[in-house]
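*Asks:* Sequences listed follow chains A and G, in order. Just so you know, we're using the UniProt record's numbering here: the first sequence kicks off at 1 and counts up by one. Just so you know, we're using the UniProt record's numbering here: the second sequence kicks off at 1 and counts up by one.
These aren't lab readings, by the way, just hints derived from the structure by calculation. Careful, some of the hints might be misleading.
Part of the chain G face toward chain A, derived, beta carbon under 8 Å [what the hints assert, rightly or not]:
(1) 68
(2) 72
(3) 76
(4) 100
All of these numbers come straight from a predicted model, not from anything done at the bench. Backbone N, C-alpha and C fix where the C-beta goes; we use that ideal spot for every residue, glycine too.
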Amino acid sequence: MTELLSDFHEDVDHMTDEEFDAAFEKAQELSAYFREIGPKYDIENTFAYPTIAKFKESGLGAFSVPKRYGGMGGNILQTSKIISELSRGDSAITLAYNMHFIMVGMCMGLFSEEQNKLWLGRVVEGDIVFGPFSEQRAGFSGLADMKAVPQPEGGWRIYGKKVWGTLGEASDIVTTNATITDAEGNLPESFEERVEAESFFVAEFDVDENGQGDGIRIEKTWDALGMHATGTHTIHFEGFYIPEDGFVCEWRAGAFGVLEWASLMFASIYLGMQYRVLEEAREVLSKKTLGATFGAIAAAETKVSNVGHIIDGIGDMASRVELSRRVVYRTCQELVDGDDDNWPVELRFPYIGLAKTFCSENVMHMTKRAMSLVGGSSFKKGAIFERLYRDSAASMFQPLNSDQSCTYIGEQLLAPDELND
Amino acid sequence: MSTFKDADEVYALIGRAMEACVVEPAFVEATKDGNLVVLIKQTDPEAYILVDFPGQKVLVGDAAQAASSTVQLRMSSDNANKFWQGKLNFTLAMAQRKVKLDGKRSTALALLPLTGPIFETYKAILAEAGRTDLLVG
Ligand SMILES: Cc1cc2nc3c(=O)[nH]c(=O)nc-3n(C[C@H](O)[C@H](O)[C@H](O)COP(=O)(O)OP(=O)(O)OC[C@H]3O[C@@H](n4cnc5c(N)ncnc54)[C@H](O)[C@@H]3O)c2cc1C
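Excised from the complex, chain A in its bound form (with noise of 0.2 Å):
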């Protein structure tokens, strides 16, 4: 890293209003395409193809890119607002381009001068990134089993595969994390030197139509509860070749600096999520008569909209989406605002990590009160609910979940004060 973290952000900042409004304009008109092909992809149970061309023509793509590499300079908070909107048109398809917005993100505060003007400059000409870390033994936090084996001409092949690789359909770039090994493929054999061995990379990903690369291959294997149009395949690194160039820096000290990106991006998919639940259950439930009922109540014509606890419910909703929205934005600013600083150090990762648990949180409950507020209708196929109720499940695993965060700040507040040596 050849410059300070607040020299960077100082000129990520610069995205004007009437700039940002303009951007999200184009967001919107994404987010409508997204809303309207979304269930095919969702009942295909595929990548969305098609998107692939019209997300290049926003020029969202290179949103957040600060504008001296040529981007538009979008900060964290206003990134988010741009995924929450395109999230509330579909909520899968926006989840596989998330994983671009989240590796520009982190890679612009980790590259070097030359990586940024390369691969940001490449990303302003259209160019699609992609994240492939977790493997199957552990999920994020597992340390890359991953190899990456050093090469008598310079730069290193990497062998392993990754189980969760979102985007990789519509990537041009791949960047990944594995561990340098010794010449002969030996990983390090202490925990500690696999950990400093343990390196980001990033590298042209080159695959034809069916997913064949040099040394790299996509195997479809994506089916799941939900998040389908999400194309999230195993990724197979067969001795492909990363130049010594491609090395960004060792991955977990890099990354602790930069998983707001992360985090704060999923949590804006399920923020998003729950806009659109909540529009939903009110279409729905503004209109619905149910005529004549013999039950709770009985009367000669019984409008939902009139019935206490779907009133409350609708409310519930409401204020739930407004608290998350503002454990969103304002999470976001004061890592704009560098408040951030003010937090313990250790504890970092999860106070970010908060808005995600909360918004995640917050977008299963509603999914499960909307089903059954709206009644037995919403759990049959190609109903909006049951699609959203499938896709907010999967935000109980993207780093960190509810358990880990708890886990992490309650380990640390009850600690001893001594070191442990």
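Knowing the structure of chain A, use the given hints to seat chain G with the ligand on it.
*Replies:* Below, chain G with the ligand without anything else, positioned relative to chain A:
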């Protein structure tokens, strides 16, 4: 058993490396307009070193303790010895509570990538003082 005899030895070795640190051009450039004053509190042996980056000065012992600081860094003297030779992974040490950082985080952490040249200086100081036994392999 600590690697250092006593606090005075810590000051003579690590304190001296810090004196080189505050005039190192990369640090001077990165810290000249800020208020980064780091109080390094070492344990076993107990020792205090205050590194005033904008003021380009280093205080030790009681004077260091009495001065005000914007960042407090706590670690054992053994870990400090490793750290100043580039042999302590700071992020891991923080996660494992071997190092404790309090106060303004961002400026302090932004300096980490600049520490490289100091490692050689510290190793040279150890060699000059005849303490090559403190060199970490
Ligand atoms: C739709 C979707 C898309 C995704 N896309 C990507 C992607 O593009 N790139 C990518 O890298 N990943 C991606 N992921 C993977 C995701 O980030 C997680 O890595 C993955 O869900 C596995 O992690 P986990 O913690 O859920 O499970 P595991 O790591 O298997 O954890 C199992 C259990 O242990 C707990 N646990 C895990 N680690 C720790 C720890 N350090 N301390 C204490 N407890 C722990 C967990 O909370 C859980 O209870 C995606 C996931 C989903 C659902």
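*Asks:* Of all the hints numbered above, which does this structure not satisfy? Sort the numbers upward.
*Replies:* Violated hints: 1, 2; rest satisfied.
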